[in-house]
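2 protein chains.
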Amino acid sequence: MSSNRQLKLGAFMRPVSIHTGAWRYPGAFADANFNFAHLRRFAQTLERARFDAFFMADHLAVLNMPMEALQRSHTVSSFEPFTLLSALSQATERIGLVATASTTFDEPFHVARRFASLDHLSNGRAGWNIVTTSNPDAALNFGLEHHMAHDERYARAREFHDVVTGLWDSWADDAFVRDAASGRYFDPARLHTLAHKGPYFSVRGPLHIARPVQGWPVIVQAGASEPGRQLAAETAEVIFAAHGTLDEGRSFYADVKGRLAALGRERDHLKILPAAFVVVGDTVEEARAIRARLDSLVHWESAIASLSISLGVDASKFDPDRPLPAVPDTNASKSSQQRVIALAEREGFTVRQLAQRLGGYGGLAFVGTAQTIADEMQEWLDSEGSDGFNIMFPWLPGGLDAFADKVVPELQRRGIFRREYEGATLRENLGLPRPANRYFPGPTASGSAAA
Amino acid sequence: MSSNRQLKLGAFMRPVSIHTGAWRYPGAFADANFNFAHLRRFAQTLERARFDAFFMADHLAVLNMPMEALQRSHTVSSFEPFTLLSALSQATERIGLVATASTTFDEPFHVARRFASLDHLSNGRAGWNIVTTSNPDAALNFGLEHHMAHDERYARAREFHDVVTGLWDSWADDAFVRDAASGRYFDPARLHTLAHKGPYFSVRGPLHIARPVQGWPVIVQAGASEPGRQLAAETAEVIFAAHGTLDEGRSFYADVKGRLAALGRERDHLKILPAAFVVVGDTVEEARAIRARLDSLVHWESAIASLSISLGVDASKFDPDRPLPAVPDTNASKSSQQRVIALAEREGFTVRQLAQRLGGYGGLAFVGTAQTIADEMQEWLDSEGSDGFNIMFPWLPGGLDAFADKVVPELQRRGIFRREYEGATLRENLGLPRPANRYFPGPTASGSAAA
Ligand SMILES: Cc1cc2nc3c(=O)[nH]c(=O)nc-3n(C[C@H](O)[C@H](O)[C@H](O)COP(=O)(O)O)c2cc1C
Ligand SMILES: Cc1cc2nc3c(=O)[nH]c(=O)nc-3n(C[C@H](O)[C@H](O)[C@H](O)COP(=O)(O)O)c2cc1C
Numbered sequence: 001m002s003s004n005r006q007l008k009l010g011a012f013m014r015p016v017s018i019h020t021g022a023w024r025y026p027g028a029f030a031d032a033n034f035n036f037a038h039l040r041r042f043a044q045t046l047e048r049a050r051f052d053a054f055f056m057a058d059h060l061a062v063l064n065m066p067m068e069a070l071q072r073s074h075t076v077s078s079f080e081p082f083t084l085l086s087a088l089s090q091a092t093e094r095i096g097l098v099a100t101a102s103t104t105f106d107e108p109f110h111v112a113r114r115f116a117s118l119d120h121l122s123n124g125r126a127g128w129n130i131v132t133t134s135n136p137d138a139a140l141n142f143g144l145e146h147h148m149a150h151d152e153r154y155a156r157a158r159e160f161h162d163v164v165t166g167l168w169d170s171w172a173d174d175a176f177v178r179d180a181a182s183g184r185y186f187d188p189a190r191l192h193t194l195a196h197k198g199p200y201f202s203v204r205g206p207l208h209i210a211r212p213v214q215g216w217p218v219i220v221q222a223g224a225s226e227p228g229r230q231l232a233a234e235t236a237e238v239i240f241a242a243h244g245t246l247d248e249g250r251s252f253y254a255d256v257k258g259r260l261a262a263l264g265r266e267r268d269h270l271k272i273l274p275a276a277f278v279v280v281g282d283t284v285e286e287a288r289a290i291r292a293r294l295d296s297l298v299h300w301e302s303a304i305a306s307l308s309i310s311l312g313v314d315a316s317k318f319d320p321d322r323p324l325p326a327v328p329d330t331n332a333s334k335s336s337q338q339r340v341i342a343l344a345e346r347e348g349f350t351v352r353q354l355a356q357r358l359g360g361y362g363g364l365a366f367v368g369t370a371q372t373i374a375d376e377m378q379e380w381l382d383s384e385g386s387d388g389f390n391i392m393f394p395w396l397p398g399g400l401d402a403f404a405d406k407v408v409p410e411l412q413r414r415g416i417f418r419r420e421y422e423g424a425t426l427r428e429n430l431g432l433p434r435p436a437n438r439y440f441p442g443p444t445a446s447g448s449a450a451a
Numbered sequence: 001m002s003s004n005r006q007l008k009l010g011a012f013m014r015p016v017s018i019h020t021g022a023w024r025y026p027g028a029f030a031d032a033n034f035n036f037a038h039l040r041r042f043a044q045t046l047e048r049a050r051f052d053a054f055f056m057a058d059h060l061a062v063l064n065m066p067m068e069a070l071q072r073s074h075t076v077s078s079f080e081p082f083t084l085l086s087a088l089s090q091a092t093e094r095i096g097l098v099a100t101a102s103t104t105f106d107e108p109f110h111v112a113r114r115f116a117s118l119d120h121l122s123n124g125r126a127g128w129n130i131v132t133t134s135n136p137d138a139a140l141n142f143g144l145e146h147h148m149a150h151d152e153r154y155a156r157a158r159e160f161h162d163v164v165t166g167l168w169d170s171w172a173d174d175a176f177v178r179d180a181a182s183g184r185y186f187d188p189a190r191l192h193t194l195a196h197k198g199p200y201f202s203v204r205g206p207l208h209i210a211r212p213v214q215g216w217p218v219i220v221q222a223g224a225s226e227p228g229r230q231l232a233a234e235t236a237e238v239i240f241a242a243h244g245t246l247d248e249g250r251s252f253y254a255d256v257k258g259r260l261a262a263l264g265r266e267r268d269h270l271k272i273l274p275a276a277f278v279v280v281g282d283t284v285e286e287a288r289a290i291r292a293r294l295d296s297l298v299h300w301e302s303a304i305a306s307l308s309i310s311l312g313v314d315a316s317k318f319d320p321d322r323p324l325p326a327v328p329d330t331n332a333s334k335s336s337q338q339r340v341i342a343l344a345e346r347e348g349f350t351v352r353q354l355a356q357r358l359g360g361y362g363g364l365a366f367v368g369t370a371q372t373i374a375d376e377m378q379e380w381l382d383s384e385g386s387d388g389f390n391i392m393f394p395w396l397p398g399g400l401d402a403f404a405d406k407v408v409p410e411l412q413r414r415g416i417f418r419r420e421y422e423g424a425t426l427r428e429n430l431g432l433p434r435p436a437n438r439y440f441p442g443p444t445a446s447g448s449a450a451a
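If you read the protein sequences in the order shown, they are chains A and B.
Sequential numbering from 1 applies to the first sequence in our numbering.
Sequential numbering from 1 applies to the second sequence in our numbering.
One chain only, chain A, in its complex shape:
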């Protein structure tokens, strides 16, 4: 049980919770999706609990569900991540602020600039969760009739990443000399104009904001298909994974970490943090009762619609009381389809049972006491299933408060979670190096234009 490694913990947030039934739970903040005061409270609790990051999910359309199901969902209204995290940067001091931003429906110049600005405003706490966008209906809000094909999304994402990081390197860390006597604000020899021309993007640059405090905001990646894994191995510093079991986690961990050496990257410079839905009780029975109650609050229409989305096919046509039939390949998220099929097989679920579970939360869950939850987390850490977790709370504020008040102290007591932040930036807390500027190599660890 002895381990020198410590868990890294992110909080994967939607304002009301990830769980579809959460807003109906007694005491839940059902209006958190338009009430910033609630979000400030959540972020401050997470910081008090020493979480690495507040991690904001994001989507570019209402859920692709029939109206009968959609009207059950609190996700139809949410703050936009950059505005929300910028506001939270003023209510917190140490916790990382990770925004999900799509490479399929935005421009690298805008994305590079917004993250740089957030990194300056937060004194080095920004992170970018790169997604290619899972909801195909987003295309309809951006002048397209169909979602871009899966492989093309990833090719575009890879080039998008290169343009964004190139733009962040527009200015050397010491470019801004501000010499009032000569009237020179910056040294032109310390400015690089990107002049990128590629298959998807032509971007001249330079970016008109100083290099981020962290050099680059922390790069996070959430795709789990083969192109998703490869993109992550090449570019990501944190992977937001999704596994059903420890075995799956271990094989994913070995696979992705195994790709790093060939890419000239250090094993420790990519943190793998699977999603974990955590329900805490004073007894295991109490925790199970909370989950059962929550799941009972998911409306059947939502349940079957969630199953349809995860599979990328209309599941309302299946017989609810028989096992899941074979499902064709789709252009939607391949990893999510595989995960759901595996869950159904593992649990021997009927379509109905599968839908009820997915309508709530169908992924990895730790349901028990602070002790049993800490045991499970420690097992994942010790057996190289993960470097930590992205925690999903069953409902807010109660599920979050219980985690902060009960599970975190137990992890600290075992020496597998920090009692104080190690550093000032998200990178420092995650133990990640500050990237050298590709155009102006040299010592950068201490330098920062914002200093």
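Treat the hints as calculated values from the structure; they're not laboratory data.
Certain hints may be false.
[As the list claims (entries may be wrong)] Just the calculated beta-carbon pair ranges, DEER-fashion:
1) A:Lys317 <-> B:His146: 50 to 58 Å
2) A:Asn331 <-> B:His146: 30 to 38 Å
3) B:Arg413 <-> A:Ala180: 33 to 41 Å
As the structure is a prediction and not an experimental result, all values here were calculated from the model.
Even glycine gets a Cβ: it sits at the ideal position worked out from N, Cα and C.
Dock chain B with the ligands against the given chain A, drawing on the hints supplied.
For chain B with the ligands alone, kept in the frame of chain A given last:
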């Protein structure tokens, strides 16, 4: 001198100042473009002085100047407006937060969403300064080789506005019923899916955020050409004008206000606020000396480059010691070209004199004591030259502090500026009505999804 009308005052901000020489002025915060603490101080001073709005200029590329001039400019680094104003929303309570956002280089779905989010975060203080983007080099950062033609930019801007406001009206103010018992989060009859298809945009909607607190954030417009004026008369609630003289101001005011009746709009529902560069001294001589010192800090290379940009032609080829020659029409800002030609004629400037003035600030300026400045402002107000001003400060923090400490009390003493904010939202303070939802008409004045 008796007037029941009061001035509306915005502060037109770039982090270090609008004036190119400002960062070299003794005591200036030359690093405000990466130091949020300075911006927070500015916003809090403006709120204490009861300004209507903190108004953030924006550009999508470094200035289109030769490097010899560019390296003199503090504008090469700036915060991005949405992230900055979201952070400022947490440091202030009443002042409006107006972001400039381009209709030429962004998507209506993103823009609608970000403003709605800022409006919720600030409890109804957001405003959108619609620009078609003046700097042609922005095109190079977004995959284009040339700036879109002037008329086409305005046609796109008009459609962009209609899509954004349509998306803001996606949800009735009372759409979110959150009925935990039945499991219904919203009433589908109170949701409108836009399904817009036009020459420039196809956007399905709905927007996945509740209707803004103000119904719509306040619409601001800054173009002054014929299509710019018409767009403003049709859509704007505030015009950010730029005039050289009171006569120009009066004829613009009469022209644009005169267009409103035919459009079915009330004269008072469009506020015309020209830019005014204000330099305050304890004597007129002191104020003039401050301005002269500031102008002397503008480097010659910047001066001539500023003139080139304003004219849309390379002015370094002109004889600096002769009057301005005839200048051809360009695709750049027509109103800025006309303004500069008028200034040169009015003052009888040589090219050199014109360039030195423009390198600093070439537009309307009030340079004097609190008394003389208040006299000039009052004359504009009384003679229907404007409804107030967008103030530009010569340097920060000193020029802003002097305005707040000296000019504002004099305006208040005369009864032409508020001592306390009239309302909670930017709309209420500007005396603008809350727009009805076009799809769900009915009483909305008191309703707000955020309440
Ligand atoms: C744990 C996890 C969280 C995700 N969060 C988001 C999100 O917030 N927004 C989004 O558009 N996609 C999200 N995705 C989707 C992925 O970014 C990706 O687009 C999708 O998984 C398809 O890629 P894949 O086939 O490589 O998995 C998430 C995926 C995973 C596994
Ligand atoms: C006072 C004033 C302020 C402006 N501020 C901005 C700005 O911050 N960003 C921008 O891209 N354009 C800005 N503009 C440019 C206008 O939005 C518009 O694009 C330009 O004036 C061209 O249109 P026009 O020919 O109708 O004037 C400003 C214009 C004026 C008159």
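Worksheet item: Against which earlier hints does the structure fall short, listed by number upward?
Response: The structure conflicts with no hint, since it agrees with every one listed earlier.
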